[in-house]
Amino acid sequence: GAVVSQHPSWVICKSGTSVKIECRSLDFQATTMFWYRQFPKQSLMLMATSNEGSKATYEQGVEKDKFLINHASLTLSTLTVTSAHPEDSSFYICSARWVSAYEQYFGPGTRLTVT
Amino acid sequence: AQKVTQAQTEISVVEKEDVTLDCVYETRDTTYYLFWYKQPPSGELVFLIRRNSFDEQNEISGRYSWNFQKSTSSFNFTITASQVVDSAVYFCALAQGGSEKLVFGKGTKLTVNP
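Sequences listed follow chains A and B, in order. The letter at position 17 of the first sequence is residue 17 when you use the numbering used here, and the numbering goes up by one with no holes. The letter at position 65 of the second sequence is residue 180 when you use the numbering used here, and the numbering goes up by one with no holes.
No lab work stands behind these hints: they were computed from the structure. C-beta atoms are modelled at their ideal positions from N, C-alpha and C, and glycine is treated no differently. A couple of the hints might just be wrong.
[As the list claims (entries may be wrong)] When the alpha-carbon atoms are kept at most 30 Å apart in a straight line, the in silico DSS-like pairs for lysine-lysine are as follows:
#1 Lys-221(B) / Lys-153(B)
#2 Lys-55(A) / Lys-221(B)
#3 Lys-66(A) / Lys-221(B)
[As the list claims (entries may be wrong)] Some chain A residues judged to face chain B by a derived CB distance under 10 Å, without partners named:
#4 Tyr-36
#5 Ser-43
#6 Met-45
#7 Thr-49
#8 Gln-104
Required output: the full structure, derived from the provided sequences and hints.
As structure tokens, then:
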């Protein structure tokens, strides 16, 4: 149980284009989903928290116009990196939890490379 | 402010050795939750355990055991008879009661050599 999927697992895009990453909870309803960014050999950096049907709450320093987050249903959240630049290249990980749980269940991550 | 410190950046052991990963946390809340996650080379974080601040009982699950001590603000993780498949980065994390956010430590990379 508690399976979270992400798609795509990796993506290469050209500078200036936009990329959408999907995060799905497969066997539970995710009242809250989280988006993280992880640089090589570093810990996870929380980018934003999203609750179903509400606007995402972004962490300080994260550009909300650049990283668009949508949590349209209890099983799906999307992260769109707009006008991507090489410095946006990173490993993006989503996680999800249900209302009574404190633990988060993580997706397998998406490796984004911007050329 | 909350903080999680994993002082061991990297640990290397030989298969069948026991290994302990240290985690020290800081929080002013009386209600909080502690977690351990495993991140194998594939990248996906795997949830291992959650402990709440009111439950100081140690826990054992197969070769894994956790020692929670509020007196020293520590939540250490021991792997007994380590195996090559245990090689991964292990993260300790903290959530304050009422908060959805996890605060992660920097992780400890464990390498188990055959």
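Results for each hint:
1. Taken as a hint, the Lys-221(B) and Lys-153(B) pair is honoured in the structure, with Cα atoms around 12 Å apart against an allowance of 30 Å.
2. Simply put, Lys-55(A) and Lys-221(B) have alpha-carbon atoms about 29 Å apart, close enough for the 30 Å limit, and the pair holds.
3. Taking the CA atoms of Lys-66(A) and Lys-221(B), the gap is about 26 Å. The hint holds against a cut of 30 Å.
4. With a cut of 10 Å, the hint placing Tyr-36(A) at the interface with chain B holds, because the nearest CB-to-CB distance is about 9 Å.
5. Hint on Ser-43(A) holds. Least Cβ distance to chain B is approximately 5 Å, under the 10 Å limit.
6. The closest approach between the C-beta of Met-45(A) and any C-beta of chain B is roughly 9 Å, which is under the 10 Å cut-off, so the hint is satisfied.
7. The beta carbon of Thr-49(A) is positioned within 10 Å of a beta carbon in chain B (closest approach about 6 Å), and the interface hint is therefore held.
8. Checking Gln-104(A) against chain B: minimum C-beta separation of about 6 Å stays under 10 Å; hint holds.
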